[in-house]
Amino acid sequence: MIIYGVALLAFCFLVGKLMGSFLGSLIGINGDVGGVGFAMLLLMLINLYLKRKGWLLVETQKGILFWSSMYLPIIVAMAATRNVKAAVSGGPIAIVVGLIVTLSAFFLVPLIAKIGREKPED
Amino acid sequence: MEIIETVIEKNGLLFAFLCVGVLMWVSFWLSSRLTRNKIPGVAIAILAGLGLALLGEEKGLADIPLFAGMAVLGGAMFRDFSVVATAMGADLDQIKKAGPAGVISLLVGVSFSFFLGVFIAYLLGYTDAVSLTTIGAGACTYIVGPITGGALGASSEVIAISIATGVVKTLVATIGTPMIAKYIGLDNPHSAVVFGGLIGTTSGVAAGLAATDPKLVPYGAMTATFYTGLGCLLCPSVFYFLVNSLF
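Those protein sequences? They're chains L and E, same order as listed. Just so we're aligned: 58 in my numbering is position 60 of the first sequence, and the numbers increase by one with no gaps anywhere. Just so we're aligned: 1533 in my numbering is position 174 of the second sequence, and the numbers increase by one with no gaps anywhere.
For the record, the hints were derived by calculation from the structure and aren't laboratory data. Watch out, some of these pointers could steer you wrong.
List of simulated lysine-lysine pairs, PhoX-like, C-alpha gap at most 20 Å [said to hold, decoys possible]:
1) E/Lys1541 with E/Lys1397
2) E/Lys1541 with E/Lys1418
3) L/Lys60 with L/Lys49
4) E/Lys1418 with L/Lys112
5) L/Lys83 with E/Lys1418
6) E/Lys1541 with E/Lys1574
The following residues of chain E were derived to be distant from chain L, with all beta-carbon distances above 12 Å [stated by the list, open to error]:
7) Met1360
8) Glu1361
9) Val1366
10) Ile1367
11) Ser1391
12) Leu1393
13) Thr1394
14) Asn1396
15) Lys1397
16) Glu1417
17) Arg1438
18) Val1526
19) Ala1569
20) Val1576
21) Leu1605
22) Phe1606
Note that beta-carbon positions come from the ideal geometry of N, C-alpha and C, so glycine has one too.
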């Protein structure tokens, strides 16, 4: 059933958020620290375990894949509900940072690719 | 007219589904017709969203009562929920396949983008640790930025800048990759794995590699999938402390 997938996703999400919030309060930030990352890791581990056991049914996966494919529209909705007016008045910082960071990262590719090749691949 | 408004306002979230659906359809149509998919539909849709947000103030488009549902759809709960769901597209076995090069490129990619972003933001006049961290996180991807900003309690405008930074990155990756590929040896799976880990913005990596050589797309997307998660883990925690101790 599709709801099993959604429920599994919600479980991972909430456990991740809890871990993130605990970590947050532990290190003195009043908020969630890395909760999304923990939830993703948990989902991947459970996904792997269920796949190995053969317990992950197609219908269950559909419940998760639906939400995974909703992330682009949700990001669009999020973009439409930001305080862009204030951001624009903040100057061309987004363009400068985005441009320089991405172009610089391009030129790290041959460097890191070389390091990777020197190591034995197993 | 009053009845229509009442129905829409009572079903705000559903109206938001409709609005975003139409917006994405138009964006993808424009992408294929006007740019022959050179600029991905997603990038156009996000830019259009940011443009529409200019119609409001603090909450962007959602400041208009008719579009209040957009704030629910684009709010933290749905956003984080759907981002976690994308982990399904990543397989732990695939990390092993990507090998050491992929892991190194991911760590270097997130750290490099973040600290270069922080450095430039500092040069441009930002001095508080929360804003610097949020903009640096935005230099990772347009998802890491708002999630980091949200966790640290950054202002809405700084979060908007971090999203815009991530969007610019997606655009530069999409348009720049095919132009620059031959100069950086991006013509084999190994380099594509490293490329995905260094750039990290999934839609930009996928679109950029598709424009370069479609065969390379899965290799780049494989590492890029982990980039946002790694960024969400590192930026509001370890990286924030580093920035906080420096400024």
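Right, here's what the structure says about each hint:
At most 20 Å may separate the alpha-carbon atoms for a hinted pair to count; lysine 1541 of chain E and lysine 1397 of chain E meet this at roughly 18 Å. For the suggested pair lysine 1541 of chain E and lysine 1418 of chain E, the alpha carbons sit about 43 Å apart, so the restraint of at most 20 Å is broken. Note on lysine 60 of chain L and lysine 49 of chain L: the hinted pairing holds, with a Cα-Cα distance of about 14 Å set against a maximum of 20 Å. Simply put, lysine 1418 of chain E and lysine 112 of chain L have alpha-carbon atoms about 46 Å apart, too far for the 20 Å limit, and the pair is violated.
With a C-alpha separation of about 10 Å, the suggested pair lysine 83 of chain L and lysine 1418 of chain E falls inside the 20 Å cut-off, and the hint holds. At most 20 Å may separate the alpha-carbon atoms for a hinted pair to count; lysine 1541 of chain E and lysine 1574 of chain E meet this at roughly 15 Å. Listed as outside the interface, methionine 1360 of chain E is consistent with that label: its C-beta sits roughly 24 Å from the nearest C-beta of chain L, beyond the 12 Å cut-off. No beta-carbon of chain L comes within 12 Å of the beta-carbon of glutamate 1361 of chain E; the shortest separation is about 25 Å.
Once the 12 Å rule is applied to beta carbons, valine 1366 of chain E is consistent with being away from chain L; the minimum gap is 20 Å. With a cut of 12 Å on Cβ distances, isoleucine 1367 of chain E stays outside the contact zone with chain L, its closest approach being about 15 Å. Separation of serine 1391 of chain E from chain L is adequate, the least Cβ-Cβ distance of about 16 Å exceeding the 12 Å criterion. Listed as outside the interface, leucine 1393 of chain E is consistent with that label: its C-beta sits roughly 18 Å from the nearest C-beta of chain L, beyond the 12 Å cut-off.
The claim that threonine 1394 of chain E is not at the interface with chain L holds, since no C-beta of that chain comes within 12 Å of its own (minimum 18 Å). Every C-beta of chain L lies more than 12 Å from that of asparagine 1396 of chain E, the closest at about 15 Å, which supports listing it as non-interface. Consistency note on lysine 1397 of chain E: stated as away from chain L, and its beta-carbon is indeed over 12 Å from all of that chain's, at 16 Å minimum. A beta-carbon of chain L comes within 12 Å of the beta-carbon of glutamate 1417 of chain E; the shortest separation is about 5 Å.
Distance check on arginine 1438 of chain E: its Cβ comes as close as 5 Å (rounded) to a Cβ of chain L, failing to clear the 12 Å threshold; non-interface status is violated. For valine 1526 of chain E, the condition that its CB be more than 12 Å from all CB atoms of chain L is violated, with the nearest at approximately 7 Å. Listed as outside the interface, alanine 1569 of chain E is consistent with that label: its C-beta sits roughly 16 Å from the nearest C-beta of chain L, beyond the 12 Å cut-off. A cut-off of 12 Å between C-beta atoms confirms that valine 1576 of chain E is not in contact with chain L; the least separation is 16 Å.
Every beta carbon of chain L lies more than 12 Å from that of leucine 1605 of chain E, the smallest distance being close to 17 Å; the non-interface claim holds. The non-interface label for phenylalanine 1606 of chain E is consistent with chain L: the shortest C-beta to C-beta separation is roughly 16 Å, beyond 12 Å.
Checked against the numbered hints listed earlier, the structure breaks hints 2, 4, 16, 17, 18; every other hint is satisfied.
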